Amino acid sequence: MTLTVVLVCFFVLLALSMPISLLLAATTAIYLIFIAHTPLTSLIQQLFNGLDNFVLLGVPFFILAGNIMAEGAISDRLVGIMKLFVGRFTGGLAMASTMACMFFAAISGSSPATVIAIGSIMMPALIKEGYGDRFSIGLLTSSGSLGILIPPSIPMILYALVMNVSVAEIFMAGFLPGLFIGCCLMGYSYYMSGKHGWRSEVRYSFRDGLKIIRDGLWALFLPVLVLGGIYGGIFTPTEAAAVSVVYALIIELFVYKELKFRRLFAICRDSAILSGCLLFILSCAMTFIWLLTVEQIPVKLAEAIVANIESKWLFLLAINGVLLIIGALMDIVTAIVIISPILVETLGRYDIDLIHYGIIMIVNIECGFLTPPFGLNLFVSMAIMRRSLVEIGRAILPFVLIFLACLLVITYVPKLSTLLPELLLR
Amino acid sequence: MREEANPPCPISPSSHLRIIPVHTMENLIKNLNKAEEGLVGLALLGLAVLTFVETVLRYTISYTFTWFGEFANYMMIFCTYLGAAIGVKYGTHFSMEALTEYAPDKVSHLLKTVAYFLSGVICIIFIYYGIVHILKLQSFGVRSPAMQLRMFIPYIPIPLFSIAMAFRFFVLSFKHFKGFLRGEPYQRVRKK
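From first to last, the protein sequence lines are chains A and B. Each residue of the first sequence is one higher than the last, beginning at 1 in the working numbering. Each residue of the second sequence is one higher than the last, beginning at 427 in the working numbering.
These are computed hints drawn from the structure, not numbers from a lab. For clarity, every value in this text was computed on a predicted model and none was experimentally measured. Incorrect hints may have been included.
As the list claims (entries may be wrong) - Ranges of calculated distance between the beta carbons of each label pair, as one might list FRET restraints:
id, chain 1, residue 1, chain 2, residue 2, range
1, A, LYS260, B, ARG576, 37 to 43 Å
2, B, ASN457, A, ARG207, 37 to 43 Å
3, A, TYR231, B, THR490, 18 to 24 Å
4, A, THR4, B, VAL568, 35 to 41 Å
5, B, ARG608, A, VAL55, 46 to 52 Å
6, B, GLN613, A, GLY232, 45 to 51 Å
7, B, ARG608, A, ARG349, 54 to 60 Å
Cβ coordinates follow ideal geometry from the N, Cα and C atoms, glycine included.
Construct the entire structure; sequences and hints are all you get.
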């Protein structure tokens, strides 16, 4: 009975297109008033407690750092270096784009920020070099989504919080899958470029090369600082986020000098608003998660699933299907903070590593980012590449298939995700 | 025809608030908006710089501010609720737009009217019970463990910024209701 009421409320309000955050709070409020007969002050308490956690502070900081770098010259310098390294090969510029996305992913934690940062620079360059509209759009939109798989990653922080796993461990687990997908994208670029004869004669003199490297050193040092700091035990992921904000600010304002103080204000404001909305969802979702736990819904769901699906592998396949649909319909934060706690009990029954499942979830949602009609990256690409959703949807298709193939490998080879954390952290 | 991905939703309260002279009211709201946006941006940047300073001090001279963790959390709660309140104005709050994107214009307007109205109602619940909770904490005299701050203070952003949020949601609801009555086209994110 309770479950039915909660589910009906949830889906009716969802269909109305009510903001997800308030929808979650509304469902909890309805439950508290009509079923639990508890005073609503406990709702306020849960809203507060949900946010009272130092780990979460990493989210606004990584958003701010990502936006500063996307707007400034760091992304530009990164692209320059990648072009220097792989630009001369067949499909060099395409591979340089993917590599720049991977590198940018290692300094920012968000996927749309990566698309904006690298996509807006590389899109005109790729088209000018004759790589073809469709391929270029697809490549940049999909490579950008690596932003959330290669650490640091904002969704991973949220996942770690709701599932009670270590942020450092799940960050580490994203490395190999991120490199794997990146290499697959580069392989596909190489194949397509060979087929169509896309090759640009980018040659640099020794002197130019040295200058590009010298210019880009500041940008290259950032992932070393952030990730080295976290894994060297110098600072926590939250502190690393703050360090990257200050580092990016100093580099952009005083070294590259391309970011204006006036723009900085707008960047801070936009980042604060975006992170406010994200964390507000989390704050409200914590009330909902509390409702789920009180009603023992994860346990009941686990029993129902275990009774019907015998094999762990079949369950993982089913979960992939469900997550793909959810990823295409919902934003990533909601998907992570609602779906993961519901499944936590079931994962335990099938003996699935929570870190491995976290990576599966992130890759699924990356695919969701790329699937019409609601994939977030598609909208970002629409805005920066000035194309319609239909064109971008078509361009992205082969890349979505590559992602799906990689997803299967990541799902059925748990070692790919768990190897690094096991070797280095456990 | 191209439509913007995140259409800003300008609020013009002048049409239904006639008690105070329109210009004064508009100016007041404009200034409040500016102050709000300036405050949230500065607070976030300041917090990042402070966290950086704390990290450097801890690493170099092993000095830590005992109050820092608590202060940072409370500031984050402040920024979150303030940011969420401003986010309503810019349409930053995520929602599932499956129905509104594909339904006829009139239906989309109606759905949004109800959705935003209900959102406003939830914000009023936040305001009312937030105040009740704050009064309770104040009467108990609870203090935070590290800063010895009266515990009701960090709770203030929840009802305070819910006021701005509720106001904006009701304005949006009213706007869509007008759109529904007049049969105006519904602004979609998806390009047709």
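Results of checking the hints against the structure:
1. For LYS260 (chain A) and ARG576 (chain B), the Cβ-Cβ distance of about 41 Å falls inside the hinted range of 37 to 43 Å, so the restraint holds.
2. Range check, ASN457 (chain B) to ARG207 (chain A): Cβ separation about 55 Å, and the 37 to 43 Å hint is violated.
3. About 22 Å separates the C-beta atoms of TYR231 (chain A) and THR490 (chain B), a value consistent with the hinted range of 18 to 24 Å.
4. At roughly 38 Å, the beta-carbon separation of THR4 (chain A) and VAL568 (chain B) lies within the given 35 to 41 Å, and the hint holds.
5. In this structure the supplied range 46 to 52 Å holds for ARG608 (chain B) paired with VAL55 (chain A), their Cβ-Cβ distance being about 48 Å.
6. Separation of GLN613 (chain B) from GLY232 (chain A) is about 49 Å and conforms to the stated range, judged on CB atoms against 45 to 51 Å.
7. For the pair ARG608 (chain B) and ARG349 (chain A), the supplied restraint of 54 to 60 Å holds, since their beta-carbon distance comes to about 55 Å.
The earlier numbered hint that this structure contradicts is number 2, and it is the only one.
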